[in-house]
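*Asks:* Chains as they are written, first to last, in the working numbering: chain A, 6 to 442; chain B, 6 to 442.
Do not rely on the hints blindly, as some may be mistaken.
In the BS3-like style, the derived pairs of lysine-lysine whose C-alpha atoms are separated by at most 30 Å in a straight line are [as the list claims (entries may be wrong)]:
no.	chain 1	residue 1	chain 2	residue 2
1	B	K68	B	K167
2	B	K206	B	K167
3	A	K62	A	K42
4	B	K375	B	K167
5	B	K68	A	K206
6	B	K336	B	K395
7	A	K171	A	K232
8	A	K375	A	K395
9	A	K167	A	K232
10	B	K42	B	K68
11	B	K206	B	K232
12	B	K232	B	K167
13	B	K206	A	K68
14	A	K42	B	K171
15	A	K68	B	K171
16	A	K171	B	K42
17	B	K167	A	K68
18	A	K167	B	K68
19	B	K68	A	K171
20	B	K336	B	K375
21	A	K206	A	K167
22	A	K42	A	K68
Just so you know, the hints here were simulated from the structure itself, not pulled from any lab data.
2 protein chains.
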Amino acid sequence: MFYDAVEGISRDSLAALQTERLRRSVATCLASPFYGKRLRALGLGPENFNSPDDVRKLPFTVKDDLRAGYPDGFLCQPRDAFIRLHVSSGTTGAPTAVYYTANDVDSWSHLVARCMHAVGLRRGDVFQNMSGYGLFTGGLGIHYGAERLGCLTVPAGAGNSKRQLKLLRDFGVDGVHIIPSYALHFGHFLQQEGIEPGDLKWRFALIGAEPHTERARRRIEELLGLKAFNSYGLTEMNGPGVAFECAAQAGMHVWEDAYIAEIVDPVSGEALPDGEVGELVMTTLCRDGMPLLRYRTRDLTRFIPGECACGRTHRRLDRITGRTDDMIIIKGCNVFPMQIEQALMAMPEVAPNYLIELYQENDMDQIRVKVEIQDEVFAADDRTRAALHKRLVARLRDEILVTPAVELVRRGSIPPAEGKAVRVDDRRVHEDCRSGA
Amino acid sequence: MFYDAVEGISRDSLAALQTERLRRSVATCLASPFYGKRLRALGLGPENFNSPDDVRKLPFTVKDDLRAGYPDGFLCQPRDAFIRLHVSSGTTGAPTAVYYTANDVDSWSHLVARCMHAVGLRRGDVFQNMSGYGLFTGGLGIHYGAERLGCLTVPAGAGNSKRQLKLLRDFGVDGVHIIPSYALHFGHFLQQEGIEPGDLKWRFALIGAEPHTERARRRIEELLGLKAFNSYGLTEMNGPGVAFECAAQAGMHVWEDAYIAEIVDPVSGEALPDGEVGELVMTTLCRDGMPLLRYRTRDLTRFIPGECACGRTHRRLDRITGRTDDMIIIKGCNVFPMQIEQALMAMPEVAPNYLIELYQENDMDQIRVKVEIQDEVFAADDRTRAALHKRLVARLRDEILVTPAVELVRRGSIPPAEGKAVRVDDRRVHEDCRSGA
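For reference, chain A alone in the conformation it holds in the complex (with noise of 0.2 Å):
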């Protein structure tokens, strides 16, 4: 039933096992020059910690701490240990660089093995990954768990459509890995093409890297004709395999025998009681080579409180409601653009793209949604599409609290982005970017 028998250990053998690793890794820690200078300091080693929640006695790692420490800071073993390293960002903007060795590459191989099997993936199953290679952790990552759980692993890549489906129809594929606007994309691909959803084979797809809405994950399901499962990752945890939902689709496991997760107040950094939202914070327990401790993720979500239907013991995280940096705030409020995705997904006039383009009026920031409809409503009289305006824009004040400016435009006019879509077109300049800081 389970890819490893730790997937239902009892919460109490998990405690000691967390004890244990988080022992490991603050006693690897002390080899890197960023923690071991913390840890120093603090007076702390591996004898601090003798509970899962003793982590809170260690301070946060954030970003910047990370830039800060580009390309080395964190390594805990020497150079020729590390066989891989990926990099999140290019040539603007300060990079940060997660490092592994041979260990750490297999044991995240592993626990993407794990995912996939927990969606019903198997050994022999035929497996295509859609997603683009490179420094990207989701394409590598995915291929090595595909190989290790040991599925035909077709490695077709990002984008070109039309071989997509040729590979998914004459390998017989049973799961593939897509982000989920090319999810979308291709679904309307399928449709031009004269393909109905039932006539691939295929049963699974893993959809993670972009934030999505519930109502997204249903609509890849219909379009594409198979079962969609959540992923949760990030290259600074490796990559995709940190949380993934299991065959009951309610909530991503998180892997606590790798993990310890918290969620915390991201303003107050409290620990919050299980349910409530806040910023997910994680520490590696399986890592040889540059573990982190607490690391912010800068990701809101909540823990779903209770048990799940498939035994697996560890805790469920909650889809990714937004990140706490890009807030947006706008004539006071507090808005995150996944609530805007979350109210335009609710309505089914609404097609698959939309921008939200922030601007200036008068010295006021303000807000513009920009709306793909579909070719039917589009099509119609001045009053359907007016009574569509009004509901649009009423349905999003209610979700954001603000009114927004809303535009219908026809589908297909919004550019459809292959890799991560953008969603935010920003065009306010502010009086810190005009003097340059």
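Assemble the complex: chain A is given as a structure, and chain B must be docked to it using the hints.
*Replies:* Then chain B, alone, in the frame of chain A:
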């Protein structure tokens, strides 16, 4: 000195090893739909193979056999034994597929690691893979080999020169994998950025996947300030890692413990003596999932006679001088694009890009070579350019025995290819095309 002991094996022991493995390959092949039928029809089994030369008892396997056997007519194991497949072609044309078991991926990775070790890379070196991933075997093939060797592998992927440069600098990269046309392009990018060849730490480039001349290799070495090593591979034989140069840069050792390599007359199919150019034919000796027997690679090359200074006993292949199927027949002469490249690259006035155009005039096939020339020559007076033009025409005529039209163009006017360079633009319309045959 060697990555593994078999690199220095005596020829006698090698013959015994090849014979044993050839028998095993034939035995494995009996389970494949294609070979099972063929071998039984010929009454051949493992017992008929008592020396490596007995491979000649087998008929050739050609690309069209693989096409006819698509998608799975060559598999020798149950479906659930396979963990990877690569496909040779896109949406048009008849594709071919190569499948790998976990053992096959393992032995492939071992061979690639051996190649990288042979050029001088070592565990702990930093290695940037600057080629595309996905279905192209050059990406994952080199990646797995680099990790196997224990290099710190940076999966940069193709393109984005600015980011490539940042990675090369930030991580002190020692070696890269790069396709020759992109290496030349990247060299010019470095010049534009004001970077001298010696400014970067890198020492090794593995170049392959595209035919290129010795002159092109030396240009790459000068532009990049490193040693560039030729690599030979093809998806049907796994991908990269079939034959590789050692530090001596005097031909590519073909790993004869993993392959039986033959050079045959492309017309008669008869074996040619060492030193003569013919078509390379290969038999896999270490593949469980999809062995191929006497596969005609369509690549033209020769064995380099004599022993290599490095002490490796595996014979060396000369660089690929053309393909049996990219030969252009023009005015009754057989012309290989590589001959034209060779002639052009020998002239310092020529910039790295060129294009061969084939067209028709008065119902006759014509050839025109567009040649990018260095800026200072392009900016010179008419007389200088006319003199260069005359020398180029004469040089090409001497090489291909046909007088081509030659057009000198400004550097940068032929779009640089970041993928495999397309050097021939064939605009001829032949009768059999017109009729749709």
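*Asks:* Any hints this thing doesn't respect? Which numbers, in order?
*Replies:* 1
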